[in-house]
Amino acid sequence: AQSVSQHNHHVILSEAASLELGCNYSYGGTVNLFWYVQYPGQHLQLLLKYFSGDPLVKGIKGFEAEFIKSKFSFNLRKPSVQWSDTAEYFCAVNANQAGTALIFGKGTTLSVSS
Amino acid sequence: DVKVTQSSRYLVKRTGEKVFLECVQDMDHENMFWYRQDPGLGLRLIYFSYDVKMKEKGDIPEGYSVSREKKERFSLILESASTNQTSMYLCASRGDALGYTFGSGTRLTVV
Numbered sequence: 049a050q051s052v053s054q055h056n057h058h059v060i061l062s063e064a065a066s067l068e069l070g071c072n073y074s075y076g077g078t079v080n081l082f083w084y085v086q087y088p089g090q091h092l093q094l095l096l097k098y099f100s101g102d103p104l105v106k107g108i109k110g111f112e113a114e115f116i117k118s119k120f121s122f123n124l125r126k127p128s129v130q131w132s133d134t135a136e137y138f139c140a141v142n143a144n145q146a147g148t149a150l151i152f153g154k155g156t157t158l159s160v161s162s
Numbered sequence: 398d399v400k401v402t403q404s405s406r407y408l409v410k411r412t413g414e415k416v417f418l419e420c421v422q423d424m425d426h427e428n429m430f431w432y433r434q435d436p437g438l439g440l441r442l443i444y445f446s447y448d449v450k451m452k453e454k455g456d457i458p459e460g461y462s463v464s465r466e467k468k469e470r471f472s473l474i475l476e477s478a479s480t481n482q483t484s485m486y487l488c489a490s491r492g493d494a495l496g497y498t499f500g501s502g503t504r505l506t507v508v
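Quick mapping for you: the protein sequence lines, in order, are chains A and B. If you read the first sequence in this note's numbering, its first letter stands for residue 49, the second for the next number, and so on. If you read the second sequence in this note's numbering, its first letter stands for residue 398, the second for the next number, and so on.
Hints are not guaranteed to be accurate.
What the hints assert, rightly or not - With the C-beta cut set under 7 angstroms, the calculated list includes, among others, these residues of chain B facing chain A:
#1 Q403
#2 Y407
#3 F417
#4 F430
#5 G439
#6 V449
#7 Y461
#8 G502
To be clear, the hints were calculated from the coordinates, so they are not data collected in a lab. Ideal Cβ positions, reconstructed from N, Cα and C, are used throughout, including at glycine.
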């Protein structure tokens, strides 16, 4: 079965700092990878996804993630965070086969101070 | 755009009640999912369905059942609601391209 581990429960940064949120998954086969964001009081929004091809994926709002197959990792990055990036971030993985579901990590809360 | 509609935004139910959470999608997607979201635990998969009348248990199916009589509708049933089922419930659907669409969620409080 798939599982997802997010390394940090809560990250606190100042505006303009760089961000990297860790995500590792366990599954031996081909996977599809996602990062979602949930702003306070709002519902889930897709930041970016990886299905195949270039392992460096660019998403919305200046976020990017790199798939490193050998490390089973899909870390999220942003060079310079803004106060408006304060939110909860979820990494998720779906095995690339029929009859499977999207499995989420426990989430990382990002607090950005201005 | 695909729309996933959850019938209630907020629900308050009493312990022991039978509770139905309804989810409808409008894009003929084969796959539908129910998750619950709790602080510090992320989204946990309760049940999913990859076809009409088909269902698969997720990671936390205990205390829940589901029904999928029509392709567009996937219902989550709490047979006898308990306080530990107080949570945010999210429905999602997925088409062939593996893109997921989530509903706005139902915040259920069991008192």
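Numbers of the earlier hints that this structure fails to satisfy, in rising order: Numbers 1, 2, 3, 6 and 7 - these are the hints that the structure violates, sorted from lowest upward.
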